[in-house]
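Taken in sequence, the protein lines are chains A and B.
Numbering (the numbering used here) for the first sequence: 31 to 190.
Numbering (the numbering used here) for the second sequence: 5 to 139.
Please keep in mind that the hints were generated in silico from the structure rather than gathered at the bench.
Please note that the accuracy of each hint is not assured.
Which residues of chain A face chain B? A few of them, derived with a C-beta cut under 7 angstroms, are [as the list claims (entries may be wrong)]:
1. Phe58
2. Thr74
3. Tyr108
4. Ala129
5. Ala133
6. Ser163
These figures come from a predicted structure and were not determined experimentally.
Glycine included, every Cβ here is placed at the ideal spot set by N, Cα and C.
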Amino acid sequence: MPNDSPIVPKESYIKQIMPNRFDYLARFSGDSIGNLDLIAIRPTETFVSSFKDFLKGIGERESTLVEVIKKQKNLIDYNSYYISYLLNQISEDEFYKIAEDFAYSTQAWDESDIEKKTLLLLEKTGDSFSSSSDLSYLWGCSEEIIESVLKKLKANRSLR
Amino acid sequence: MIRYEQPASIQGAIFTLKFRRFNSYPPTKHESLGFMIFKFKLSDNALAVIKKELSPKERFWLEKTSLLSSGDGIRGEIIRGFSEKPFKPKGGVPGTSAHRAQGADTPEGRNFGELDRMYTALLKLEPEIATTHQR
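Put together the whole structure using the sequences plus the hints.
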């Protein structure tokens, strides 16, 4: 191999030098090297693929939780103006203008995505967000879709 | 008539609301109604009664088969709803009025309320047991 070759050779390079290559990960387990009682062999591609799925799952969970945090922050900010309005610190016209900045439209939703996010949130927080009003605000969808999702989760016994 | 069981909803020009907890949410541009709504949630023993009917007395949210008459209402653990204008009771901050038992009125406009969660005791009843609760 030339001096400037990478430490981990590129796949194309390996294919070039080893056209009939195979790629497996092996795991050995036992009391000693001479007394192995478990040898597990798995194609590297399968391992990498399941590892990628695992990382993707973590990424999705993280983005869901970040989404919730952002929405809750937005709600706190909105309610701080609302309290000022209730306490007559800002006029109705002024509050209306501020409220318009916070206004959101319900988005086109993917029910399976909402189901996944709702299940995660309810698993992690218990009953804190179990009302359809809270969940519809968080996911920016209608209460009807939330009710449908909650019914489905209960039917699947994902929720007690 | 006060409805205690789902599905139940009301539409009116003014509601009288009673509750122990009030949650408000940023306004939503409602896709089928076509106007901005101020959503709220009443919980811990919630009641919403129509004080003033819509004029003309017709549902503005056609998909919902809501009660429309003055005195009609819904009661339960949680009521969700919205007003066309931000809710601000004349007495000040919700729940702090000296006369809170009288309830607080929504602003006049298009108001909607729907029973979100029935009383827990009703939820535990067998479905075949008929329950009619009227006040």
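For each hint, the structure was consulted:
no., hint, in the structure
1, Phe58, "56 angstroms, violated"
2, Thr74, "49 angstroms, violated"
3, Tyr108, "4 angstroms, holds"
4, Ala129, "5 angstroms, holds"
5, Ala133, "4 angstroms, holds"
6, Ser163, "4 angstroms, holds"
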